[in-house]
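Sequences and hints are given; from them, build the entire structure.
Chains as they are written, first to last, in the working numbering: chain A, 10 to 652; chain B, 56 to 268; chain C, 40 to 247.
Because the hints were derived from the structure by calculation, they are not lab data. Source: prediction; values computed, not measured. In this text, a Cβ means the ideal position worked out from N, Cα and C, and glycines have one as well. Watch out, some of these pointers could steer you wrong.
[Stated by the list, open to error] Not everything, but these chain A residues come out facing chain B in the computed CB check (under 8 Å):
| hint | residue |
| --- | --- |
| 1 | 410 |
| 2 | 411 |
| 3 | 412 |
| 4 | 414 |
| 5 | 415 |
| 6 | 416 |
| 7 | 417 |
| 8 | 420 |
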Amino acid sequence: MSGGPAVRVSIESACEKQVQEVSLDGIETYVQPLSMSQNLAKLAQRIDFGQGSDSEDEGGEGESRDQEWGKQEAEEDEATVKFQPSLWPWDSVRNNLRSALTEMCVLYDVLSVVKEKKYMTLDPVSHDVTAGKTPQVLQLIGKKKSLATAAQLLLKGAEKLSKSVAENQENRRQRDFNSELLRLRSQWKLRKVGDKILGDLSYKSAGSLFPHHGTFEVIKNTDIDLDKKIPDDYCPLDVQIPSDLEGSAYIKVSIQKQAPDIGDLGTVSLFRRQPKAKSGSQPWHAKLEAAQNVLLCKEIFAQLSREAVQIKSQIPHIVVKNQIISQPFPGLQLSISLCHSTGEKKNQKASPEKSKPDDHLYVLEHNLHQLMREFHKQTLSSAVMPHPASAPFGHKRLRLAGPMAFDKAEIASLQQNEGLLEKIIKQAKHIFLRRRTARTIDSLASRIEDPQIQAHWSNINDVYESSVKVLITSQGYEQICKSIQLQLNIGVEQIRVVHRDGRVITLSHQEQELQDFLLSQMSQHQVHAVQQLAKVMGWHVLSFSNHVGLGSVESIGNASAITVASPNGEFAISVRNGPESGCKVIVQFPRSQCKDLPKSDVIQDNKWNHLRGPSKEVHWNKMEGRNFVYKMELLMAALTPCP
Amino acid sequence: MGVTCVCQVPVVEGKSVQQTVEMLHRKLEQLGAVKQGSFCVDCETYHAGAMGTTGQPTKFLYVMHNSEMPLSCFALFEGGPCLVADPNFDVLMIKLKGHFQNAKGNKVESRGTRFQYCDFLVKVGTITMGSSARGISVEVEYCPCGVPNDCWNLMKEFMQGFLGPHTPELPMVFTAKPDGIYSPSDCSDTMAQYLELFGKVRKQQVAIGSSMR
Amino acid sequence: MEAPPVTVMPVTGGTINMMEYLLQGSVLDHSLDSLLHRLRGLCDNMEPESFADHEMVYLLKGQQGNPFLLRARRSLDRPASPWHLRYLGQPEVGDKSRHALVRNCVDVAASQSLPDFLNEMGFRMDHEFVAKGHMFRKGALKVVVCKLFRMLVPGNTESIEALSLSYLVELSVLAPAGQDTVSEDMRSFAEQLKPLVHLEKIDPKRHM
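Rendered as structure tokens:
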């Protein structure tokens, strides 16, 4: 330990063995020492368990010594038993110890019961010597009395028991309330004010500036009648929401034409009952969500009405009670209304509306909610912290305006903030324009069979812009007649038409314009088709014009015309097609084929016979063929000489 | 902002300032320029009063505003650094009045009409000091370009169209920069040009004053 | 938060007579976390933001009277943001019952040329320091918790040394003159921070 080499010390027990015998030669024979177990057995044999078994009740010093013995013994004994379980001499010891332990346990229990004084009390037993000698009456009275006390005791105990059971139940409900509260806390903002628990269901923390406080109160719903059956949807926690947020609400957006033929805008049914709360979710949760929805609807409506009053437009927006009316296009009315129904009144309120055709614009309703959330987010993100930290709060970009010397346009772009109403009106305009375009194309397609018109709508579109590809074809000739392909970009106020060759035409929102335009395109298509067909048939195009300056004036667009000559140049077909006047087909024959042509003095030589002669109009209606191009093909085939 | 050139146009002999301005307007409108509201550039002069006694020459601090940049305030020293700040700088100057006195009588302003001609912005203003008109300023900005070298010839040609012989040379502020006419211009260049112009007008007044004596 | 209207004529003047209401205190480094935790709970629902600023204090000495003091501050972690030039007036004596220190205040956002320009104006830099910390807001209330650093080499914001083992806590509001209700709000807010930090009305004059 201290550095030097350890000194080895050997320890040997001194010889203390008993000498058994000293032989004559002086050799001492020792008694062989007992082995450990032998020693133990020997010691154990000295114990008299019988003597100590009932010693507990007796006091005395000798007794305690005995017990000490016992203890020591027990320790050693147990160790031995563990190691040598089959050692029979120890069995009695074990049995004795076990019974002792049992008795000790019983004693301990009795003592604790007595000490608790809850279930049993000990009274000193009066050793009435005279008891035996008392008369029977007294004995009876005594017995009665003691029975009564016993009964009383029992009753008391029973009462205590039932009380504790009730207490347990109460505790459990309290626990339920607390666990519910914990759940509520994990989903809603709560705070304690005085002895009340108040919650916040407003969107303030999300950036809302709506002044409604949106506070609800958490109520403990634990004192219900124990005797009655607890209802299934019982919840120990209830919430009290402000009366103006009760019930359910929604924003209704619809477009009405003053004319009655508007049925095509709306599609689905009116107010549906709020679906029952999903099983598994708490009743308070459904209640709070409904209230929050009412609050958001109210905020949206308040914001819209504020903007409706502030924004100057050519036709002023009208705000009446719970409705905002605006005119996106002349003769069209966009109405946004807040429908708020509180439970019982629902039936009365809904009935007058039910009579009207339902014309919800669900997309816009959804978008309004989305716009409101965006607005919230904007207010949150615009309130950024200033850098450096000492600078005052304010709009971050606006703080740059001074030192970066922003000019008016830049500042205006910072401030430019389109309101909710403006955005929704723009969206409504677009939706309306899109639907009307679709309807115009569809009605044209169903009305006019030749040429055919096809519309391919793009699946994905912007809230303010969508596009459709319009193809005008002739049935059976789709492959060769692909001249007219239009891309219609439908915006908010107007429709931009992009031709395949890149020409752009802008149409206004007026329905007639689009219809006229498509009609003129269809008329042009026919002439284009003749041109394409001529190519295939080997005819030559002599002249072609999209806009003919001659002939009767069309009310829509211009007529177009084409003249084609047969491969050998003998025949010529002229086609004039106008959107209004329809088509006129003229065939010019070679002079040689006209026998009835008067002989002229001027043209005497035979070669002049190859000049073209007179023309005749074809009775197009009487031609066979399912459509214009087919008829034209037949005509061309007829006029082409067989090889 | 684009490259900007500010110059003074002399009053036509025999005509008043107002008449000369109207002539310019007419010329611009004949070119096809469109009137687009009005503009105003002003300049306040402060002198460091307490500094004078220490023997240094009195320094002038100029605080300017331009309606084109309505949320900015420009503070300049002649030939020195230019500070661009927000309008609160004016409030600070009030706090600093113990050290910088506002020479009220020296306030110069140029007000007038703003014209737009394609990519050019032209501002014709009447320079006033106190209550009297002192001259005419013409500011021409070529919006799409920020480097003087790239567009100076174009601007010159455009200005010749309506200024004729009074077309200015390339402003000093551009040539004085480290990279000369190749470095981009900014709003402080414009303000420096106005400051220079206003300085000229102020001296002119002194000249007039002395000649009258 | 509303932007001023864009007018054709230049805006001269700016906002006149703004007052800064201020309460100050400090916490030791080890209790910073619990203070930040508390502030996160009390303040507006946004991510607490940290900052690192460099502040220079300029003096203009005149012939007579007190020197004129201006503070120029720039953000180190956001170099693109403008400089902040600040004038702070003498604390108002006012009535003793007011809970916060009140002083006149002019905030100017300025371009990068600010130091050069101040030199040209005759200002001389008195001292400079770096402040790093966090800021919170609750409505108009601004709470700044920051540590101040001494600069070992003038002008070099890299080599810095902490001034103390504690953080400075400042609660401030900017309001037009005469809005004393603000100080009431500040007091109740300071009350809620109480065992963590004691925010008090500290007159810098007394410590000079």
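Structure-based check of each hint:
1. 410: holds (4 Å)
2. 411: Result: holds, 3 Å to nearest chain B Cβ.
3. 412: Since the shortest Cβ distance to chain B is 5 Å, the answer is holds.
4. 414: This hint holds: residue 414 of chain A lies near chain B, its Cβ roughly 4 Å from the closest one there, short of 8 Å.
5. 415: Hint holds; residue 415 of chain A Cβ to chain B Cβ min 6 Å, cut 8 Å.
6. 416: Result: holds, 5 Å to nearest chain B Cβ.
7. 417: holds (6 Å)
8. 420: Where the cut-off is 8 Å and the nearest Cβ of chain B is about 6 Å from residue 420 of chain A, the hint holds.
Violation of the numbered hints given earlier is absent; every hint is satisfied by the structure.
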